[in-house]
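Trainee: Please dock the two separately framed chains into a single complex, following the hints provided.
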Amino acid sequence: MDSSKLLMSSSPHQFHRDNTSRIMLEVLMALAPAAVLAVFFFGVRALWIMLVSIAAAVGTEALIQKLTGRPITISDCSAAITGLLLAFSVPASLPLWMVAIGAAIAIAIGKAVFGGLGHNPFNPALVGRAVLLASWPAQMTAWVEPFTFLTTATPLAALGLESAQTSYGALFLGAVPGSLGETSALAIIAGGLYLLWRKIIDWRIPAGYIGTVAIFTWIFGGEGLCGGDPLFHVLSGAVLLAAFFMATDMVTSPVTKLGRLIMGIGCGLITSVIRLWGAYPEGVTYAVLIMNALTPLIDRYTQPRRFGGVTR
Amino acid sequence: MTRAKTFVGGTYPAHNKDRTKAQPIALAPVPEVLIYPLCQHIGAPCEPLVAVGDRVLRGQKIADSTAKICAPIHSSVSGKVIAIEPRPHPNGQSTMAIVVENDGLDETVAPFVEPKGLDELSPAEIVEIVREAGIVGLGGAAFPTHFKLVPPPHAKIEMVILNGAECEPYLTCDHRTMVEKPELVVQGLRILMKALGVNQGYIGVEVNKPDAIAALSSACAAYSGIQVVPLQVKYPQGSEAQLIKAVTGRELPAKKLPADVGVIVNNVGTAAAVAEAVQTGLPLMERVVTISGSMVERPQNLLVRIGTTFGDLLTECGLKGQPGKIINGGPMMGMTVGTIDVPVTKGVTGILALSEAESCQLEVGPCIRCGRCVDVCPMFLLPVFLGQFAERGMLDKAEEYHILDCQECGCCSYVCPARRPLVQNIRLAKSGVLAKRHQ
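Going down the list, the sequences are from chains A and B. Residue numbers for the first sequence follow the numbering used here, beginning at 1 and rising by one. Residue numbers for the second sequence follow the numbering used here, beginning at 1 and rising by one.
Simulated from the structure, these hints should not be mistaken for lab results. Bear in mind the structure is a predicted one, so any value in this text is a computation, not a measurement. Just so you know, even glycine gets a beta-carbon here, dropped at the ideal spot from N, CA and C. Don't take each hint at face value.
Listed next, the in silico DMTMM-like pairs over lysine to aspartate or glutamate satisfying Cα-Cα at most 20 Å (straight line) [unchecked claim]:
id, chain 1, residue 1, chain 2, residue 2
1, A, Lys5, B, Glu356
2, A, Lys257, B, Asp375
3, A, Lys5, B, Asp341
4, B, Lys68, B, Glu132
5, B, Lys320, A, Asp2
6, B, Lys5, B, Asp375
Per label pair, the in silico range of CB-to-CB distance [said to hold, decoys possible]:
id, chain 1, residue 1, chain 2, residue 2, range
7, A, Tyr301, B, Val364, 22 to 32 Å
8, B, Glu297, A, Arg305, 17 to 27 Å
9, A, Leu51, B, Arg298, 52 to 62 Å
10, A, Pro71, B, Ala254, 37 to 47 Å
Chain B extracted, bound-state conformation (with noise of 0.2 Å):
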């Protein structure tokens, strides 16, 4: 086997893997209460469809918007529209929400597409699929898919890569996606491709995960143009950008879109998803989600009603006792919530939960110029310097050391010694010098 690809810099932070990657995906209870928040991805907010008091359909949209950034909301289950009112949202604000009282019956809209095979659809009527389906990125970013299978014209789409790597610490679930439904997967790929007329289609997957490179292997081998690419288990492996160098060689110039090096890259899951509405004409309903970390009693992969709340699925999982955070996403780049009534939008990959002692609040010490933040930062920036002029309010400083580059991996803040909020510093910075931009 060629040896594994990947890219300079990063760090290597503890898989915590072991206890969910074997766990097949189980369904997850679906709860009496769901909650849709309106902006479910990156972009304008939907508009609801629907009233207080509406019956829905499972499938229903529910919510849309005539912005071109944007992917409609469905209800994952059928019953009635509860209320339509601010709530709490996993990215931590307060956000207009639809909430659903679940009937049980699951009553199903007719598919809003007749399922064709792959032959005799046309790139236009797969982007119309997946706007309809409102699928957004399942990595974690939910970026509105439709809009990436429309290049700005000057870009020449030369390949599409799928993101298998999950190198965020604790999930499993993309793992799990392409061990059980690597057909999927394929099938997903193979639909992007047409969608934008390449004939490259790659697949990167760390090779910490080799069930599923070998399952993903025999699953494309049929199919010429596509290839499975073994990269070295590294984080960030799974950033755009280290993905496209590590699988093409080609460095995604600052402040471009893969677009402009020829490039789309979408998530394993997001694929399965895309395979799935083609295939049956329904949309985005529900996504795997893995359950962890070590105050979780039974760690688990869920395939997941979009809607269904934390605390409903670490309800099902059983909290050994008051964890000290419970995260949406990854230990490296995921958000803590304040309440588990938060649901599960389309773009929550994992919900963890620490201990009390993993969540302490650590003692900064002095900066000792170590330079570890320089070596493992994956942009080849100068974290040390800009967590300075962060912390100290030089912004014009800031900009001129690129900080706007910075894309919050947290492998600085990861690695120091000191303990000092090298990322956080920086993040805060950034929107600082964005905001002054604006002005």
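The following block holds chain A by itself, in its conformation from the complex (with noise of 0.2 Å):
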């Protein structure tokens, strides 16, 4: 025995299996039914939004990378992740070189300005939402049926016109006009589900965020108090989407248990707030995104009290 070659290392010697990748590439296989459905009611059009979303979103971090000689990082999967989500934001109209400088914007302006990974303060995929929104507010907009292409309006839109309310079923199927990955609550509660199982993410986000939505819009969404349809908006719009894999980004929520569950809890008001009250008919994007700003505030003001922190 060479005692030369023995490693001298502080401990742990032994660590969980779990590493960044593996916990991305676990994210990227909860999104697999949303994106299954996506191709399923929008057709072949879909799954190439998907594709060039997620080529410009790994093509522009690869790139950033190399340009400013940092090591390339890509096989961490979570621009991939970006791109997808970005992907699941837009309508299933909208061109693709649109999807393309969308999710372009979303890595180079949403993550790499900061730092890469770990360092952006806002969830990136919202952000080239929500330049793309801005700038091409028309085509954002241009909802189409599933199967038919027709040119419609969302469910949320719809109630807005106080025009015929959709079902249940639809919604919880996805069977509805609407952005790619957000329709089907199926796809997302099973992928989502999956996510608090192999607990990658906190249940507080999403139950906050859930939650509060139902109980807003219950109150204040109807005719006088407590007359709303809670349920109509949990199911439509993009609330699932945004509490299970949005709002749950783990870079841009808070760390505290505390944090995640106000995270959630001011994601759903500002969703609803906007969604009852605002010009927009939904109120996602803006939400998450308000929230990720006040991420450090809300880590720095939530912190449990350290065990033995009070003195008998």
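Mentor: Okay, structure coming up:
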């Protein structure tokens, strides 16, 4: 035995098997059901949007890392998640070049300028979406019917126009107009439950988010108090997608347990307020981005009481 | 059965105990040369009582000190002192040590105290025996046991808890002691209870050792006031504050000692050693050590004479090839050693030889703020921020975030998916904060 070959290192000497890329890969897996249903409802065009978005996001990350002489870390799958989530939040009719620009902006402005993975204050996919929405508002709201691809309004926008109510069944399965990955409650909940079971996300964020939207829209969403339709508000639009996959983005959400609950409740409140009284039919993007901005503050003021911190 | 108790936080590392948990304690061969570092405990180092060339007997006190927090050191063989010089210590430093050449005769000293029954012993006599026997915490901390038996006057001690959690992966030395010598453990507990004048005793054992729980339960059945407490299998269940929380529900206030909440905690191996010293009148000369790890051919629990080197024991158990790391203790809190010429001291619980693949330097990625370190921290700290403050040298900020409450269990580094060296950086910053305070 050669003592000089013994590695000297500080404890611990044993590690959990989960690493960053494995976690990211599992998030991608959890997004898979929604991706499959998006293709089912919106055809092969949905597949193209997802592929272009992922390719643009991953390509932008690689290019920036190469230009700035940093190690290329696209294999950690985080850029792919950003690409897929951006694709999930655009309508099926959006021109592919706009998708590519959105994904590139998401990575470049949303992530790389802050120093890459782990350093971005805002959810990159939502930064990309916000820029797209501001740049091409018409194309970003040009919703199409599933299967037929006829131009129409989303259930939320339709609600604003006081036309016919969409059935819960259609909302649950996802056979409604909307962004690619947000329409099917079934697929999103399946993926979300997987992440909860694998302890990759904390239940406090989706529970706080969905619960707040349900309660708030029930109280204020109808004629008079407590006459709203909470189930409609939870199932329609991007609430579920955001609650399970966007507000839970680790980098941009609080690390404390109480903080995560506040994150969820805050997202729910802002989403509901925008939906009920704002100019936009949907408020998820800005709700999550605003709460992202508050995350450092939330972390700071929700430090847990340390063990033994109270003298008896 | 009542539900196994536990604490909040913590994590579940793979146990890796299967290779040794059913191995009965075997006698390790006694080597030709034994090394006794002068500091085998937390506290002041001892002064040698012998000189080079002296003949020593088995059980003879060869080093002691007048310092309060200190435990004397005894020769574990008969033979000749061949050197008193700096030697590598299993804690990584090089410290003064007495080196004894074994003459193979095992000529033993007369008992330093007349063996007496528990009823005849006074608390003061027990404390004196424990000190004279050189007994320290055998769970790894090596804090002099006699000092714990004389708590500060303001503390009102209500109970003794024996720590049989053994939450470190790989280690099974306490497990085997509890299975094979349950009466000795319970007797030791009764002696400690008598020394402290209390009538409540608990033995906390993780439920992955059902045989130990059964053995101890039947051994203590005859004594009212003594109870085995099954604990959930979770790291760091054997950490003092977490054990007290699980067993009593009491939360040890920051910067306080267990005595301040009426509790004295000792390891089960320590209790067995106390009982042995009282029964035989002989000092602590050997301890059980688990030798394991993927590079060890025949993993075992060995009863080892203090002073035997890691190399002697690894030779006895066989190495499959070049190990990548050799660890003194368990994989969660143990220290790597740079040479196998270090001796087993009183605080060595295990020797692990890990493969080169298990020992590779892990690639560190950026923190993704997943918060797992926050979820597992048993002290409810925020390792994610402590690690950042530590890396950036922001010691004031680190102190504000209670860095000194960190007990370095390593849960944060264990779970970190980016493999960031959290506890390692926190450890460095802690010493920085303390150094600044002492300025």
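Trainee: Hint by hint, say whether it matches the structure.
Mentor: The hints, checked one at a time:
1. Lys5(A) with Glu356(B): Judged against 20 Å, a Cα distance of about 9 Å means the pair holds.
2. Lys257(A) with Asp375(B): holds, 8 Å
3. Lys5(A) with Asp341(B): Holds, at roughly 15 Å.
4. Lys68(B) with Glu132(B): holds, 13 Å
5. Lys320(B) with Asp2(A): holds, 13 Å
6. Lys5(B) with Asp375(B): holds, 19 Å
7. Tyr301(A) with Val364(B): 22 to 32 Å: Holds, since Tyr301(A) and Val364(B) (Cβ atoms, about 29 Å apart) stay within the stated range.
8. Glu297(B) with Arg305(A): 17 to 27 Å: violated, 49 Å
9. Leu51(A) with Arg298(B): 52 to 62 Å: Holds, at about 56 Å.
10. Pro71(A) with Ala254(B): 37 to 47 Å: holds, 41 Å
The structure fails to meet hint 8 from the earlier list, while all remaining hints are met.
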